[in-house]
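Novice: Going down the list, the protein sequences come from chains A and R.
Be aware that the first sequence starts at 136, since it is given in my numbering, and climbs by one per residue.
Be aware that the second sequence starts at 13, since it is given in my numbering, and climbs by one per residue.
Be a bit skeptical, because a hint or two may be false.
[What the hints assert, rightly or not] When the alpha-carbon atoms are kept at most 30 Å apart in a straight line, the in silico DSS-like pairs for lysine-lysine are as follows: (1) A:K234 x R:K209; (2) R:K241 x R:K158; (3) R:K208 x R:K63; (4) A:K234 x R:K29; (5) R:K41 x R:K241; (6) R:K241 x R:K63; (7) R:K208 x A:K234; (8) R:K158 x R:K29.
[To be verified] Cβ-Cβ distance ranges computed for the label pairs, FRET-style: (9) A:M335 x R:I139: 49 to 59 Å; (10) A:A474 x R:E234: 46 to 56 Å; (11) A:P161 x R:A135: 52 to 62 Å; (12) R:R260 x A:R406: 29 to 39 Å; (13) R:L37 x A:P161: 26 to 36 Å; (14) R:K120 x A:P179: 11 to 21 Å; (15) R:P211 x A:L430: 33 to 43 Å.
Hints in this document: simulated from the structure, not taken from any laboratory.
Heads up, the beta-carbon is just placed ideally off N, CA and C, and yes, glycines get one too.
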Amino acid sequence: MFFRLSDEQREIQHAVRDFAQHEIAPHAERWDEESYFPRELFRPLAEMGLAGLLVSEELGGTGLSRLTGAVIYEEIGKADMSTAVWLSVHNMVTGLIAKFGDDEQRQRWTPRMAGGEMLGAFALSEAHAGSDAANLRATATRDGDSYVLNGTKFWVTSAGVADVYVAFLRTSDDGARGTTAFIIEKDTPGFSIGKRERKMGLHSSPTGELIFERCRVPLANRLGAEGEGLKIALSSLDGGRINIGAIATGVAQAALDVSTRYAQERTAFGRAIGGFEGIQFMLADMAMKVEAGRLLVYQAAFKMDEGDPVGQYAAMAKCFATDSAMAVTTDAVQVLGGAGYVRDWPVERYMRDVKVAQIFEGTSQIQRLVIARALLGDAAKER
Amino acid sequence: MNIVVCMKETPSTTAEKSFSPDMRLERRKEDAIPNPFDEYAIEEGLRQQEKHAGSTVTILCMGPATATDTVRKALAMGGDRGVLVSDDALAGSDAISTAHVLAAALKKIGFDLVIFGNAAADAYGGIVPSATAELLGAPLLSYASKLDVDGSTATIERQADIGYNTVAAPMPTLVSVVKAINEPRYPSMKGIMASKKKPLDTFALADLGIDPATVGAAGAREKALSAEKVSTQRKGEIFIGNEGAADRVVAFLVEQKVL
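Bound-form chain R, shown alone (with noise of 0.2 Å):
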C-alpha cells in the first residue's frame, strides 16, 4: 500500500506570532515544527504500514525551501520518504490553492491511502483535506477516531454526538484524522539519525505542472484583513453565604448540564 501523509510546516504553539504587512503570518525557521495535528496523521500512517506488510510511507509537505528541515522532523518519527513542493509563487497561498498543489503532487507521487490531520494549528481550516479530494475526485473519510483498511476498502469511525458513524470508501481515499485515532510516538534516537539520510524530494511548479499566477498570493480568493489577540476573560461566579448558595450552586451545574 503506497500511504501518504500530509503534513504543514506551523509555527510552534508556544511561539511569539506576529503579521507581516499585508497580514501574512511571519514564520521563522527556529520556531517551525511539523503540525501538532499531523503528528497523529503520522502516527497513523506508520501503524498502517506496521499492519500492511509492504507498504509505503511518504511524507509530503508544501512549504518554504527551509522546511525540509521539519520534513526531516517528521521522519524521525518513521516513513520512507519525504516529498516537499516549494516555490517562491507559492507564498500566500490560500487553502484551495493548497489543495490544488497538494492534489497535483498526489498525481505525481501516486497513492493508495492519503491521510491529513484534520486542520492546522496556524491557520485553522480544515478545509484543504475535503478541497484535495474534491479535486482528486476520490473520496475522504472525515474526522476518523479509528481507521481500518482492510483489501480495497478503507472503515473509519468518525466521533458523533452520541456514539460514532462508522464510514467506509473504496480505495484509493483520503482520511482525515482526529485526535482520538491515535497516540503519536516520541521520535527515538535512531529515527533521528535516520532521517538525515532519508530520500527527500523537492518539487518546483513546474515540476508539477502548475501555472504560478493560480497560486500563491496571486491566485489567492481569501484575503486576511485583520488578526487581534484573543483576549479571555474569566467571569467567575462567587457565591457567599449559608443562604442560598448552596441552592445556587446546584442550579449552575444543573444550567451547565453538569448534573
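If we strip away everything but chain A, and leave its shape as in the complex, we get (with noise of 0.2 Å):
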C-alpha cells in the first residue's frame, strides 16, 4: 500500500509549486479579469520539462508518470485553473501525436510542442454532440493523395491561440469506425477560428470554434489510420479525467486554504470566525472533501501507470473531485461573506472557474454512467 509520493514525486511537487506561486498565481486575478491569455508562460513551463510529460525524452518530453502528472497539475491548478487546463489539453495533443504519429509525424512535431515553441489544441466536440463523440459531423473526404475538410467544431480550448491542432471528423458513415483523425496547423488555408466563447469562467483560457472550408490537409497530417479517430479520441479519456480531478482537486485546495486563513484572521463578535462552529464545521467538510478527492485521483493514476483496467476508476476520481471542488469553492465564498463575493479575493473565481470541471472532459453524470455500467455489467444496459 502506498501513502507517501516518492522523493522525486516530492520534488517535482516543490519545484512546481514554487513556479506556480511565483509565475503564475500573482497574476491569476489579471488575467481572469482581462480574458488574457499568457502565451508567455508556455516557454518557460516548457523549459521546465510540463509540455511533454506524456512524451518520451527521445521526442523532447520527460516521460513521467500519471501519478507524477496528477500532482503537477494539482500544483498548477492550486495557481489558476485556466493555465492548468490549456496546459493539459497541450500535453494530450502531445500524447497523441507522440502515440499515433508515424516517425515522420513524430520527429516533425512532438520535439516542437514539447519544447513550448508549438502549442497543441483538441478538437471532438460538435454543436450537436459533446458526450456523443460517436456522432460527429464534420466531414473529411479523401481525394488524391490529400482530404478535404469541411465543418464545424465547438468548445475547442485554445482555439485561435494554438498552433497545433487535432481534429476528429467523419470519414465514412461506419458510425464509431467513421471518424478520423487530423493534424491540422494554424495558417492552413480553409482553417479558420469562429468566435470566442464568453464563459462563467476559465477566462484566460481561450475557448472557440474551429472552421473548416474545403480546407486541404495533406495525407501525411492524418493521424492513425482512416477510421481510427474514435479509438484515438477513447484512448486519452481516462487520463483526461484524472488530470482534471487533479486540477479541481488544486483548486479546492486554493480555496480550502484561502477559508482557513480567512477564519483565522477575521473577526466578528470579538473573535477570530474560526472560533465558530458554524465556520468550523464548514471548513472540516471542506477538508474532508479535497484530501478524498485527491486519494481517489492519486488511486486512479496509480492504477493507470499499473497498467490495470482504469475506466470507472477514473470515472469516479473526476467525478467526486469535481463535484467536491464545486461544493469546497462555493462554501469558501460563503466562508468569507461579502469579501467571497468580490473580486478582491480569489474564491469567487475559483467558483466560476471550476464549475466546468464537471461538464468537460465528460460530465459528472456520464462518470456517473460509466461507474454504475462496470457496476452492474448487463442490467445497466438499454433494451
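Mind docking these for me? Both chains are given alone in their own frames, and the hints should help you get the complex.
Specialist: As C-alpha cells, then:
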C-alpha cells in the first residue's frame, strides 16, 4: 500500500509549486479580469519539462508517470485553473501525436510541441455532439493524396492561440469506425477560427470554434489509420479525466487554504470567525472533500501507471473530485461572506472556474453512468 | 574552468524555528532547503559554465549527513557533482570553523572560481566568504551584482550608494554574489531526475586532515547566548481633517526623502 509520494515526486511537487506560486498565481486575477491568454508562460513551462509530460525523452519530453502528472496538475490548478487546463490539453495532444503518429509525424511535431514552440489543441466536440462523440458531422473526404475538410468544431480549448490542432472528422458513415484524426496547423488555407466563447469562468484559457471550409490537408497529416479516430480520441479519455480531477483538487485546495486563513484572521463579535462552530464544521467538511478527492485521483493515476483497467476509477476520481471542488469553492465563498463575493479575493474566481470541471471531459452524469455500468454489467444496458 | 559553488543547508524560511538548550538551531530534515541566497550563487556558477565551454560546476556543502538530499536539490538546477563535508564533530561549528573546513575542502577539490551567496538565511553572518578567502590566501570579490570572467581575470560590479564599483582580481578567486546578479532558474523535471544520478562525494574531517578539536562546538569562538522573536510594531501616524493635514503629509514625505 502506498501512501507517500516518492522523493522525486515530492521534489517535482515543490519545484512546480514554487514556479506556479511565483510565476502564475500572482497574475491569475488580472488574466481572468482581462481574459488574457498568457502565451509567455508556455516557454518557461516547457523549459521546466511540463509541456511534454507524456512524451519520451528522445522526442523532447519528460515521460513522467500519470501519478506524477496528477501531482503537477494539482499544483498548477492551485495557482490558476485556466493555465492548468490549456497545459493539460496541450500535453494530451502532444502525447497523442507521439503515440499514434508515424516516425515522420513524431519528428515533425513532438519536439517543437514539448519544447514550447508549438501549442497543441484538441477538437472533438461539435454543436450537437459533446458527450456523444461517435456522432460527428464535420467531414473529411479523400481526394488523391489529400483530404478535404468541411464543418465546424466547438468548445475547442486554445482555439485561435494554438499552433497545432488534432481534430476528429467523419470519413465514412460507419458509426464508431467512421471517424479519423487529423493534425492541422494554424495557417492552413480553408481553416479559420470562429467566435470565442464568453464563458462563466476559465477566462484566460480561450475556448472557441474551428471552421473548416474546403480545407485541404495532405495525407501526411492524417493521424493513425482512416477510421481509427474514435479509438485515438477515447484513448486519452481516462488520463484526461484523472488530470481534470487533479486540477479540480488543486482549485479546491486553494479555496480551502484561503478560507482557513480568512477564518483565522477575520474577527466578528470579538473573536476570529474560526472560533464559531458554524465555520469550523464548514472547513472540516471542505478539508475532508479535498483529501478524499485527492486520494481517488492518486489511486486512479496509480492504477493507470500499473496498467490496470482504470475506466471506472478515472470516472470516480473525476466525478468526486470535481463535484467536491464545486462544493468546496462554493463554501469558500460562504466562509468569506461579502469578501468572497467580490473580486478582491480569489474564491469567486475559483467557484466560476471549477464549475466547468463537472462538465468537460465527460459530465458528472456521464461519469456516474460509467461507474454504474462497471458495477451492473449487462443489467445497466438499455433494452 | 573549475567552478565550485559553496552552499549551506538552511531551514525553510517559513519553517517554525526552535533552539536546543545549548542554543543551537534545531534543524529538521523535512524543513531543509538550499540557502535561498545560495541559489543566486548556483545560478551564477551555471551561467559561467554555459559561457565557458568545458567548465565543471561542483556544489560544496558542509552539513549533517542528511544534507545529501539538499545537495541533490541544488544539483537539480544543474552542475556536475556534489561534495558534502559531514562529520559528527562539526556540529555547533561557528563561522570561522566553517571557513576552515570549506578552505580545506576547496584545496582538496581544486578551483579556479568559487562562488558564495553573500550570507545564509539562518544566522545571516555573512563572514564565511571572506574568512575562507583569507584562509586560502586568495582574493575575494564580494557583493557582486555582475560577474565577468575573462581568461585569468574575474571582474565584478559591486553596487555602491551611487552607481557601482568595478573590482577585478586574478584567478583563482572567490566571489560572493547578491540577489541583483541574476534570476535563479527553476529546476526542470529532467534536472530533478538527473540529480539523483550525479556523483556526490562525502568527506569526513579525517579526509581533510582537520583536527576535530579545532572545529564544531569544541573549537567554536562564537557562542549564542539567547534568541528572541523579532516583534515588529507598526507605528502608523494618521493625519485627519483639512487643517494642515496635507502640509504634514508633505513634511513627512520630505523627511522620508520621498519628495
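Novice: With a cut-off of 30 Å on the C-alpha distance, tell me whether K208 (chain R) and K234 (chain A) pass.
Specialist: Satisfied, since the Cα-Cα distance of roughly 28 Å is no more than 30 Å.
Novice: 33 to 43 Å was suggested as the range; check whether the CB atoms of P211 (chain R) and L430 (chain A) agree with it.
Specialist: Between P211 (chain R) and L430 (chain A), where Cβ atoms are some 38 Å apart, the hint holds.
Novice: Would you say the C-beta atoms of L37 (chain R) and P161 (chain A) sit inside 26 to 36 Å of each other?
Specialist: Holds: the Cβ-Cβ distance is about 31 Å, inside 26 to 36 Å.
Novice: At the C-beta level, are M335 (chain A) and I139 (chain R) separated by a distance inside 49 to 59 Å?
Specialist: Roughly 57 Å apart at Cβ, these two residues keep to the hinted range, so it holds.
Novice: Holds or violated: the 52 to 62 Å window for the beta-carbon distance between P161 (chain A) and A135 (chain R)?
Specialist: Violated: the Cβ-Cβ distance is about 30 Å, outside 52 to 62 Å.
Novice: Are K241 (chain R) and K63 (chain R) close enough, with their CA atoms no more than 30 Å apart?
Specialist: 44 Å, violated
Novice: When you check the alpha-carbon spacing of K241 (chain R) and K158 (chain R), does it fall within 30 Å?
Specialist: 35 Å, violated
Novice: Holds or violated: are the alpha carbons of K234 (chain A) and K29 (chain R) at most 30 Å from each other?
Specialist: Roughly 49 Å separates the two Cα atoms, so the pair is violated.
Novice: Against the 30 Å threshold, does the CA-CA distance of K234 (chain A) and K209 (chain R) hold or violate the hint?
Specialist: Holds, at about 28 Å.
Novice: Given the range 46 to 56 Å, decide if the beta-carbon distance of A474 (chain A) to E234 (chain R) lies inside it.
Specialist: With a Cβ separation near 48 Å, A474 (chain A) and E234 (chain R) satisfy 46 to 56 Å, so the hint holds.
Novice: Take a look at whether the Cβ-Cβ distance between K120 (chain R) and P179 (chain A) falls inside 11 to 21 Å.
Specialist: 38 Å, violated
Novice: CA of K41 (chain R) to CA of K241 (chain R), is that 30 Å or under?
Specialist: Given pair K41 (chain R), K241 (chain R) holds - Cα atoms ~22 Å apart, limit 30 Å.
Hints 2, 4, 6, 8, 11 and 14 from the list above are not met by this structure, while the remaining hints are.
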